[in-house]
Amino acid sequence: MMMPLMDGQTTIRALKRINSDVKVIAVSGLSSNKELALKAGAKSFLQKPYTSQDLVCLIDELCKTS
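Letter by letter, the sequence shown follows residues 1 to 66 in my numbering.
Hints were generated in silico from the structure; no laboratory data involved.
There may be inaccurate statements among the hints.
[What the hints assert, rightly or not] No farther apart than 27 Å at their CA atoms in a straight line, the calculated lysine-lysine pairs in the BS3-like style are these: (1) 64 to 34; (2) 34 to 48; (3) 23 to 34; (4) 23 to 43; (5) 48 to 64; (6) 48 to 23; (7) 64 to 16; (8) 16 to 39; (9) 64 to 43; (10) 39 to 23; (11) 64 to 39; (12) 64 to 23; (13) 16 to 34; (14) 16 to 48; (15) 43 to 16.
The whole structure should be built from the sequences, with the hints applied where relevant.
Okay, here's the thing in structure tokens:
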């Protein structure tokens with residue numbers, strides 16, 4: 001996962017340190033990033049391109065598991 005200041009895995013780990021209960025949805029155009037994101041602590045992964053409906057369904061699913 002590529003981002004300007006830190007990569008996605010580092011961001012996920014930082015968010016989890018701030019709040020271990022945070023549910024991170026990692027988003028990437030590369031399917032190979034799924035395993036990396038999940039290992040870093042993401043709760044779910046959404047591959048680009050995706051629809052707004054895909055995102056809403058995933059958020060709904062994650063909210064039900066809290």
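Query raised in the report: Taking 27 Å as the top limit, are the C-alpha atoms of residue 43 and residue 16 close enough?
Result: With Cα atoms ~11 Å apart, residue 43 and residue 16 stay inside 27 Å; holds.
* Decide if the proposed pair is consistent with the structure: residue 39 and residue 23, CA atoms, cutoff 27 Å inclusive. => 13 Å, holds
Given hint residue 39 paired with residue 16 - CA-CA distance at most 27 Å
12 Å, holds
Given the hinted pair residue 64 and residue 16, is their Cα-Cα distance within 27 Å?
Holds, at about 20 Å.
Q. Given the proposed pairing of residue 23 with residue 43, does the C-alpha separation stay at or below 27 Å?
A. 5 Å, holds
Between residue 64 and residue 43, does the CA-CA distance stay at or below 27 Å? 13 Å, holds
Does residue 34 pair with residue 48 here, judged by a C-alpha cut-off of 27 Å? Given that 27 Å is the threshold and the Cα spacing comes to 11 Å, the pair holds.
*asked:* What's the verdict on residue 16 and residue 48, does the C-alpha distance respect the 27 Å limit or exceed it?
replied: 23 Å, holds
* Asked: Does the alpha-carbon distance linking residue 16 and residue 34 stay inside the 27 Å limit?
  -> 17 Å, holds
- Message: Hinted pair, alpha-carbon criterion (27 Å max): residue 48, residue 64. Please report holds or violated.
- Response: Status holds; Cα separation ~23 Å.
Could you grab the alpha-carbon distance between residue 23 and residue 34 and see if it respects the 27 Å cut-off?
15 Å, holds
ask   = Does the alpha-carbon distance linking residue 64 and residue 39 stay inside the 27 Å limit?
value = Cα-Cα ~22 Å, so holds.
Hint compliance for this structure: every hint is met.
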